[in-house]
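Asks: Kindly produce the complete structure, drawing on both the sequences and the hints.
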Amino acid sequence: MRFVAAFTHDVRFQFRHRFYYAYLLLTIIYILTLWYIPSFLKSDVLILILFSDPCGLGFFFVGGMILLEKEQNTYDALFVTPITVHQFLFARICSLALLAISASVVIALFAAGNGQFSLGLLVTAIALSSVCFTLFGITLAVRVRTLNQYLIGSVVYSVLFIPLLQFFGIISHPFLSILPTWPSLQLIRASFGQEPFRIDSLLILLIWTGIAYIWAYKWFRHYILEKLGD
Amino acid sequence: MIQVQNLRFTYPNAQIQAIKGVDFQVAQGEIFGFLGPSGAGKSTTQRIVIGLLKGYQGSVQVMGEEVREAKSSFYEKIGVSFELPNLYSKFTALENLRFFGSLYSGKTQDPLQLLQRVGLADAANQPVAKFSKGMKMRLNFCRALLNNPDILFLDEPTSGLDPVNGKNIKNIIQEQQQLGKTIFLTTHNMTVADELCHRVAFIVDGQISLINSPTNLKVSKGEKKVRVEYGKDGASEEREFALAGLADNQEFIQLLRSKSVQTIHTQEATLEEIFIAETGRNLV
Chain A
1 MRFVAAFTHD VRFQFRHRFY YAYLLLTIIY ILTLWYIPSF LKSDVLILIL
51 FSDPCGLGFF FVGGMILLEK EQNTYDALFV TPITVHQFLF ARICSLALLA
101 ISASVVIALF AAGNGQFSLG LLVTAIALSS VCFTLFGITL AVRVRTLNQY
151 LIGSVVYSVL FIPLLQFFGI ISHPFLSILP TWPSLQLIRA SFGQEPFRID
201 SLLILLIWTG IAYIWAYKWF RHYILEKLGD
Chain B
1001 MIQVQNLRFT YPNAQIQAIK GVDFQVAQGE IFGFLGPSGA GKSTTQRIVI
1051 GLLKGYQGSV QVMGEEVREA KSSFYEKIGV SFELPNLYSK FTALENLRFF
1101 GSLYSGKTQD PLQLLQRVGL ADAANQPVAK FSKGMKMRLN FCRALLNNPD
1151 ILFLDEPTSG LDPVNGKNIK NIIQEQQQLG KTIFLTTHNM TVADELCHRV
1201 AFIVDGQISL INSPTNLKVS KGEKKVRVEY GKDGASEERE FALAGLADNQ
1251 EFIQLLRSKS VQTIHTQEAT LEEIFIAETG RNLV
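Those protein sequence lines, which keep their order, are chains A and B. Reading the first sequence from the start, the letters are residues 1 to 230 in the working numbering. Reading the second sequence from the start, the letters are residues 1001 to 1284 in the working numbering.
These are calculated hints, taken from the structure and not from any lab test.
Mimicking DSSO-like on lysine-lysine, the simulated pairs with C-alpha atoms at most 27 Å apart in a straight line are:
no., chain 1, residue 1, chain 2, residue 2
1, A, 70, B, 1090
2, A, 227, B, 1054
3, B, 1071, A, 218
4, A, 227, B, 1133
5, B, 1077, A, 70
6, A, 70, B, 1130
7, A, 218, B, 1054
8, A, 227, B, 1020
9, B, 1071, A, 70
10, B, 1259, B, 1225
11, A, 218, B, 1077
12, B, 1077, B, 1170
13, B, 1077, A, 227
14, B, 1090, A, 227
15, B, 1054, A, 70
16, A, 227, B, 1071
17, B, 1133, A, 70
Anything over 12 Å on all C-beta distances counts as not near chain B; from chain A, calculated:
no., residue
18, 24
19, 94
20, 215
Backbone N, C-alpha and C define an ideal beta-carbon position, used for all residues, glycine too.
Replies: The following block contains the structure:
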């Protein structure tokens, strides 16, 4: 029940702070972009948009949420109730994943059409990517106080996006395949039948999500909980 | 209700202990004041007692439970209000209280009644962003009472409040105490501590230098004299008399009979004077 309360509250918080409107606007821009670009570019751009949606936006939206909550000191009130950090993190990653999945499915339906992709695989890829990058966003957001600090800090995390260069065929190295963005890209492409589904991609992304969860949990406890009331 | 024995704590990567062997007990139904300047260890001690900092040495038992091992259910029984407003600004007062109330598994108090009690009923449906600091502080206080806690931890509960609302909050704290609730009050405000607390502890540099009731402290540390201020030829004059044997002091009685007495005060020390004398610090 506590998870449900926290999840519902997160969705309402995102509504009140106009996250849903921002997402709606972006989704419309994405759909129009896909509508007007030349058809030979369409499939690659669609994959990139679907990839950037959960990963990039998950990372920055969770940063925005945590900075707003820090500004309002709401953790001082929240973590002196019976809610646990696990329940809080689950509610947060689920609420942002819901937003990412909804937008991605709408974009995919408009750009590719119904029946042109595996819904189950796309939802899995988007959900896992969203959760993984939302958690990475949390590890940064708990340490900073301003948007500027967050943007500067995010440069360090951009190393995770180097596999995009492999996607564009600029560089290629086996090491890049074990960074979380590569399996994310592979799973999204597999959902459109552009390459076969690979279980190792799923496993690598799951492992990264596990690592990001433990990291986010420990740093949330250290940088937020142990400093309540400061 | 709270038993702290030989509490020591060092923050990770810190060279110096933040808490250096603190001992105190708080009984059920007691209002216990924890006083000290910034950086003295008040907040660290409070964070340990409410179960947020687990890596301490010594023993901290709250309602018979070692807080190091406390689970989330521990927070069903305590209410905490920190010094700064901490509410969701895009949500109304009522929405805030309903959300926080939904996180408890036990029965919670009616948010509207709580708002009414602190004079915020008319603002129940206003977003918190439109509240003044004083209104936010009163709402903070309501939130701490939501789960009808056995122990209330209040950090500067009257900070930012006008005298009328400050008095109202103090009355509610006393009502809670009369209901058998235990109150752990952290404050810089000596007047609040003096008015409300059964006992106060002075903490400086991570150590408690003194624990006693405000009345005992004021009497034992003050001068045992009474000062009489009276009018004479249009001006004010004053005289001091020893408290011992005052009833038989003919000069004192004569002065009361013959002069126009303006004030009579015993010369007990104020809590602030005692704090400065005991710790060598100001309460800033």
